[in-house]
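Enquirer: These are the residues of each chain, in order.
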Amino acid sequence: MKAPSFSYARPGSLSGVFELLERHGDRARVLAGGQSLLASLNLRLSAPELLVDIACVPGLTGITVAGDKVRIGALTTHRQIERSPEVARHLPLLAQAVRNVACAAIRNVGTFGGSIALADPAAEYPACAVALDATFVLAGRAAERRVRAREFFRGLYETALRPGELLIAGEFPVSGDGYRSVFLELARRRGDYAMVGIAAHARTAGGRISDARLAFLAVSGTPVLAVRAAAALEGRPPDARTVAAAQAALGDELEAPADLYASRATKLHLARVLLGRALGALAR
Amino acid sequence: MDDTLPTTLIVNGERVTRNVAARQHLSDFLRDELGLTGSHTACEHGVCGACTVRVDGAIVRGCLMLAVQANGRKVDTIEGLSDSGEIADLQEAFHRRNALQCGFCTPGMLMAAQDLLTSQPEATREEVREHLSGNLCRCTGYQAIVDAVEDVLGSRRRGRK
Ligand SMILES: Cc1cc2nc3c(=O)[nH]c(=O)nc-3n(C[C@H](O)[C@H](O)[C@H](O)COP(=O)(O)OP(=O)(O)OC[C@H]3O[C@@H](n4cnc5c(N)ncnc54)[C@H](O)[C@@H]3O)c2cc1C
Ligand code: FES
Ligand code: FES
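Just so you know, the protein sequences line up as chains A and B, in that order. Numbering-wise (numbering that gives the first Met the number 0), the first sequence opens with residue 0 and increments by one. Numbering-wise (numbering that gives the first Met the number 0), the second sequence opens with residue 0 and increments by one.
Think of the hints as simulated: they come from the structure by calculation, not from any bench. Hints may be right or wrong, so weigh each one.
[Said to hold, decoys possible] With beta-carbon atoms standing in for the labels, derived distance ranges:
id, chain 1, residue 1, chain 2, residue 2, range
1, A, 272, B, 126, 21 to 27 angstroms
2, A, 48, B, 126, 42 to 48 angstroms
3, B, 83, A, 45, 36 to 42 angstroms
4, B, 12, A, 0, 40 to 46 angstroms
5, A, 64, B, 73, 44 to 50 angstroms
6, B, 91, A, 58, 42 to 48 angstroms
7, B, 82, A, 14, 42 to 48 angstroms
8, A, 61, B, 5, 28 to 34 angstroms
9, A, 14, B, 15, 29 to 35 angstroms
10, A, 264, B, 12, 36 to 42 angstroms
11, A, 48, B, 159, 50 to 56 angstroms
12, B, 73, A, 14, 29 to 35 angstroms
13, B, 100, A, 233, 56 to 62 angstroms
14, B, 126, A, 64, 24 to 30 angstroms
[As the list claims (entries may be wrong)] Far from chain B, some chain A residues (derived; all Cβ distances over 12 angstroms):
id, residue
15, 0
16, 57
17, 205
C-beta: ideal position from N, C-alpha, C; glycine also.
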């Protein structure tokens with residue numbers, strides 16, 4: 000299908016963006032890579048009057064390391080993340096995750112900020128950001144503020160972004176010494192959104208798992224941090240008994256509602272399988 | 000801010016300027032305004048890859064980019080790649096390996112395959128499959144397509160030595 004009619008503006012500054020968003024309110028939509036927004040317009044799932052293209056706003060692209068933080072600008076593409084030596088070195092979780100995002104042609108255009116702002120429950124970055132305890136930088140006309148990823152995702156496609164606000168960047172703590180990361184997902188086709196996925200990050204020194212952050216994707220409206228499973232692992236070597244205890248704990252904390260393709264039982268089973276594989280990979 | 004905007008692109012090396020409706024995506028612009036019907040449109044929501052073209056050297060979904068977003072940029076279509084001879088060996092391999100039947104997916108497949116051939120000349124069969132995973136073929140199946148791309152990976156490698 001074809002998109003409905005809309006107007007298009009490409010302001011060259013942040014203040015230009017804020018002005019348009021303020022003037023047009025909820026009749027305007029921010030356009031970043033367009034890899035989700037234009038698809039939904041072509042499907043006529045929404046009909047904004049104005050697209051505000053942020054591609055020409057300076058300062059929103061790029062990956063920088065400062066102290067113990069990696070900052071990823073909102074307009075950084077999936078491709079740039081995939082190829083970034085800084086991400087490979089300091090955020091191995093994200094480096095693994097990005098390979099599961101769509102296909103090469105979409106990764107060339109889709110952006111980090113677009114994926115976070117959209118907050119698809121089956122998207123990879125939100126779960127990684129929750130696992131790594133990242134912080135998002137949001138800016139509105141009046142002020143800039145920071146919101147932890149763990150408080151940013153509020154519900155299905157619902158985030159802490161207020162009307163007229165823009166996501167500017169994500170700030171990730173660099174992976175600490177002795178920590179390892181594993182990202183795994185199961186999808187029905189390569190490049191498709193996940194049926195279930197896990198973003199796992201933990202200290203693995205001395206053959207024991209501690210400080211595990213296990214964020215699951217596609218099991219709820221938002222990424223879910225499995226704290227009970229993590230507690231079952233704390234300070235233990237990931238032997239068969241410990242892994243089984245962590246897998247059992249998931250039953251209490253993952254909602255995993257049935258979707259078009261899988262029942263709750265199937266989803267929970269797949270989440271347990273992925274947790275087992277992730278722990279195996281962490282221990283290796 | 001407007002419904003139509005003057006837009007200038009370099010398409011297959013030639014500069015074109017048109018007044019473009021904001022809602023028109025790049026594939027429709029190329030097909031309807033410029034008569035370049037080599038790149039196809041099917042799903043128009045990013046799933047099939049039939050619309051793949053190159054913008055500033057990188058493959059993109061033509062159906063998920065507005066023509067006005069491509070303002071000032073360089074666009075290469077299958078017509079350009081074909082006429083310049085850039086993919087003559089790849090086209091020949093598709094023919095030889097029976098890598099097409101109806102040909103609907105073929106322009107997109109060739110664009111994606113050429114992107115891999117230039118960016119990952121040492122790609123394995125698994126990497127070929129991975130790179131073409133965003134391009135759907137509804138009749139030939141994928142083995143023959145992957146075979147053709149592997150042939151060209153090999154012949155270009157030998158050519159470089
Ligand atoms: C076939 C297909 C398969 C895909 N598979 C996956 C997948 O497996 N995993 C995955 O994660 N994604 C997938 N995607 C989506 C893709 O990753 C998108 O690039 C991403 O979700 C959105 O980024 P974008 O830059 O294209 O944003 P856009 O489409 O431009 O915008 C998306 C939404 O975010 C808002 N927005 C964008 N940027 C900002 C900002 N800086 N501040 C505030 N609001 C903003 C827009 O207003 C819009 O509502 C897929 C897409 C397609 C078409
Ligand atoms: S027509 Fe563009 S991906 Fe199908
Ligand atoms: S050859 Fe017919 S769709 Fe691929």
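Enquirer: Would you say the C-beta atoms of residue 48 (chain A) and residue 159 (chain B) sit inside 50 to 56 angstroms of each other?
Expert: holds (53 angstroms)
Enquirer: Is the distance from the Cβ of residue 83 (chain B) to the Cβ of residue 45 (chain A) consistent with 36 to 42 angstroms?
Expert: holds (40 angstroms)
Enquirer: For residue 0 (chain A), is the shortest beta carbon distance to chain B beyond 12 angstroms?
Expert: Check fails; 6 angstroms does not lie beyond 12 angstroms.
Enquirer: If I claimed the Cβ atoms of residue 64 (chain A) and residue 73 (chain B) lie 44 to 50 angstroms apart, would that claim hold in this structure?
Expert: 32 angstroms Cβ-Cβ, so the 44 to 50 angstroms window is violated.
Enquirer: Between the beta carbons of residue 61 (chain A) and residue 5 (chain B), is the distance compatible with 28 to 34 angstroms?
Expert: holds (30 angstroms)
Enquirer: Given a hint of 42 to 48 angstroms, does the C-beta separation of residue 48 (chain A) and residue 126 (chain B) actually sit inside it?
Expert: holds (44 angstroms)
Enquirer: Can you let me know if the beta-carbon spacing of residue 264 (chain A) and residue 12 (chain B) is within 36 to 42 angstroms?
Expert: violated (57 angstroms)
Enquirer: Is 21 to 27 angstroms respected by the C-beta to C-beta distance linking residue 272 (chain A) and residue 126 (chain B)?
Expert: holds (26 angstroms)
Enquirer: Does the Cβ pair residue 73 (chain B), residue 14 (chain A) satisfy 29 to 35 angstroms?
Expert: Between residue 73 (chain B) and residue 14 (chain A), where Cβ atoms are some 30 angstroms apart, the hint holds.
Enquirer: Could you say whether the range 56 to 62 angstroms given as a hint is met by the Cβ separation of residue 100 (chain B) and residue 233 (chain A)?
Expert: Holds - the Cβ-Cβ distance for residue 100 (chain B) and residue 233 (chain A), about 57 angstroms, lies within 56 to 62 angstroms.
Enquirer: Between residue 82 (chain B) and residue 14 (chain A), does the beta-carbon spacing fit 42 to 48 angstroms?
Expert: holds (45 angstroms)
Enquirer: Could you check the hint for me, namely that residue 12 (chain B) and residue 0 (chain A) are 40 to 46 angstroms apart, CB to CB?
Expert: violated (32 angstroms)
Violated hints, in rising order: 4, 5, 10, 15; the structure is consistent with all others.
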